[in-house]
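Visitor: Sequence:
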Amino acid sequence: MSEAWFADSIGLQTRDGQSEDNAWRRRLLDLVSRRLGRDPSASFNAVVKVAKGADPILVQAMLRELAATASPRVRARAREVLANAGQQTALLSAVCGEGLPAPHPLDYEWRFTRRTRDDLVSSAFARASRSVLLLGCPTVALTLLARSPDLRTTLVDDNPALPVLSDLVPRETANYTQLRADLIARPNVTADLEVDVVIADAPFYPEAMTGFLAAAVNGARRGATVLFVLPPFGTRPSAESDVRDFFRLATASGLRHEATLTNGVRYVRPPFEANAHRAAGLLSVADDWRAADLAVFRLTSRAAPTKAPLESERARWREVVVGGKRWRVKTNSGDADAVEGLLQPIAANSVLDSVSRRDQRRHQANVCTDANEFFITSNPDLLLEVLASINTGLNPAAQGEKLLGRTFGFTEYVEVTVAHDMITRGAGAETELG
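Take 11 as the starting number for the sequence shown in the numbering used here and just add one per residue.
Derived from the structure by calculation, the hints contain no laboratory data.
One or more hints might be untrue.
Simulated DEER-style distance windows between Cβ atoms [as the list claims (entries may be wrong)]:
1. 79 - 358: 26 to 32 angstroms
2. 96 - 255: 56 to 62 angstroms
3. 421 - 358: 23 to 29 angstroms
4. 310 - 124: 30 to 36 angstroms
5. 135 - 109: 28 to 34 angstroms
6. 139 - 357: 49 to 55 angstroms
7. 346 - 404: 19 to 25 angstroms
8. 177 - 36: 47 to 53 angstroms
9. 412 - 272: 32 to 38 angstroms
10. 97 - 415: 52 to 58 angstroms
11. 93 - 198: 26 to 32 angstroms
Predicted model, so just to flag it, every value in this text is computed and none were measured.
By construction, the Cβ of each residue, glycine as well, lies at the ideal position given by its N, Cα and C atoms.
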C-alpha cells in the first residue's frame with residue numbers, strides 16, 4: 011500500500027498527495043503491529059482499542075498494509091484479524107431511544123454510554139451545589155433531569171430536531187433551560203449564567219473546541235469546575251497539537267488544569283457510523299469502541315478568550331424530516347434554475363464508508379441524511395421543495411414548476427420523479443443498512 015493510497019483511505023491528503031503527518035501514521039502502525047505480534051488471539055476490537063481513538067476504518071487500512079508488507083508472523087495475524095473484522099458479531103446499541111432523534115453526521119454527534127453519563131452526573135453532583143451547564147450533552151441532561159430535577163440545569167445544543175428534554179421526563183422540572191445555539195458562532199449565549207459545573211462535549215475540531223471553551227468560560231462562576239472532553243491521539247494527525255493549542259487557550263482564558271482522565275468517557279456508536287463501518291465491510295466493530303479523554307479544569311479568573319467567535323456554515327444547512335429520516339440540504343450551493351442532476355449519490359448505495367470530515371467526498375456533497383448518505387444536488391431549493399411536497403402530499407413536479415416559474419419538459423419531470431422516488435424509498439427505513 012502506498013502512502014498516497016493510505017492518505018486517500020482516510021480522506022487526508024496534502025498538496026503532494028502524501029500523508030499530512032507520517033510520524034503519526036508510523037506511531038499508529040507500530041501500535042497495531044506490536045499488538046499483533048504480542049497477542050496471537052487479539053480480535054479486531056482489541057486491535058482497535060490499542061490504536062488510541064483511530065477509526066476502525068483506518069485500523070482496517072493499517073491491517074491491510076501489514077498483511078502485505080509485514081514480517082510473515084505479523085502478516086498472517088493481520089489477515090486473521092481482517093477476516094474477524096468482517097464477521098457479524100456486534101449488534102447496534104440503542105442510541106435513538108428516550109425520545110431523542112437519530113444523531114446526524116453533520117452534527118458530529120456521538121452520545122455517551124450509560125455508564126459514562128452516570129459517571130458524569132455523579133461528578134456533577136459531587137461538585138455542584140446549585141447549577142450545571144451542559145454544552146452538547148443531551149443524554150447527560152436527561153439523566154440529570156431524571157435524578158435531580160431541582161438542580162438548575164442549562165443545556166446548549168444546536169440540533170434542530172432535539173425536543174425540549176424536560177418534556178420527556180415525568181417530573182416537574184422548573185429549573186431546566188434549553189438553548190439552541192451554534193457555539194462556534196455564538197459562544198456568548200452562556201454569558202452570566204454563573205454555574206458551578208460545566209460539562210462540554212465539543213466536536214473534535216479546533217473551531218468547535220474553541221467555541222465550546224469560550225462558552226464554558228462565559229457561563230461559569232469563578233471557582234467553577236469545567237469538565238471538557240478532548241480527542242485522543244489517534245483521532246487524526248493533528249490531534250495532539252490541537253489539544254496542546256487548546257490547553258494554551260484554556261490557560262489564557264482563566265482555567266487551571268487539574269487532571270486528565272485518559273479514556274475518561276466512552277460513546278455508543280450511532281447508526282450513521284454503523285452504516286459507514288458496514289459499507290467498509292466491518293461487521294464486528296464494538297458499539298462502544300470510541301473513547302475520549304476528560305480534562306478537569308478550575309476557573310480561577312475570567313480572562314477574555316484570546317480568539318473571537320468564528321464563522322460557521324451550519325446556518326446554511328436546512329433540515330427536513332421525511333418518514334423519520336433527517337435530510338440536510340446546503341442552501342446557496344447550486345443553480346436556482348437547474349433540474350438535471352437534482353439528486354445524485356456520492357457513493358455506491360449513497361452510503362459513505364467514512365465519518366471523517368477530512369474525507370474529500372464529503373466536501374463535494376450538499377445533501378446528507380442521518381444514515382450517512384451523501385448526495386449532490388444541482389438545485390438545493392428545488393430539492394427542498396420536493397422534500398416538503400412528500401410531507402404535504404402535493405405533487406412534487408407541480409410544486410417545482412411553481413418555484414421555477416415555468417413548465418417542466420419531459421426529462422425534467424423524470425428528474426423530479428426519480429428524486430422523489432429515491433427519497434420515499436428511504437423514508438421510514440431503518441437508519442442502518444439492512
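Visitor: Now, for every hint given, state plainly whether the structure supports it.
Guide: Consistency of the hints with the structure:
1. Remark: the range hint 26 to 32 angstroms for residue 79 to residue 358 is upheld by a beta-carbon distance near 28 angstroms.
2. Between residue 96 and residue 255 the CB atoms are about 38 angstroms apart, so this pair departs from the stated range of 56 to 62 angstroms.
3. About 25 angstroms separates the C-beta atoms of residue 421 and residue 358, a value consistent with the hinted range of 23 to 29 angstroms.
4. Residue 310 and residue 124 have their C-beta atoms about 33 angstroms apart, which keeps the hinted 30 to 36 angstroms range intact.
5. A C-beta distance of roughly 23 angstroms is found between residue 135 and residue 109, which places it outside the suggested range of 28 to 34 angstroms.
6. One distance hint, 49 to 55 angstroms for the beta-carbon pair residue 139 and residue 357, holds here, with the actual separation near 51 angstroms.
7. For residue 346 and residue 404, the hinted distance range of 19 to 25 angstroms is satisfied, since their beta carbons lie about 20 angstroms from each other.
8. Checked against the hint of 47 to 53 angstroms, the C-beta distance between residue 177 and residue 36 comes to roughly 51 angstroms, which is consistent with it.
9. For residue 412 and residue 272, the Cβ-Cβ distance of about 58 angstroms falls outside the hinted range of 32 to 38 angstroms, so the restraint is violated.
10. Distance hint for residue 97 and residue 415: a CB-CB separation of about 55 angstroms, consistent with the stated range 52 to 58 angstroms.
11. Between residue 93 and residue 198, the C-beta spacing of about 53 angstroms breaks the proposed range 26 to 32 angstroms.
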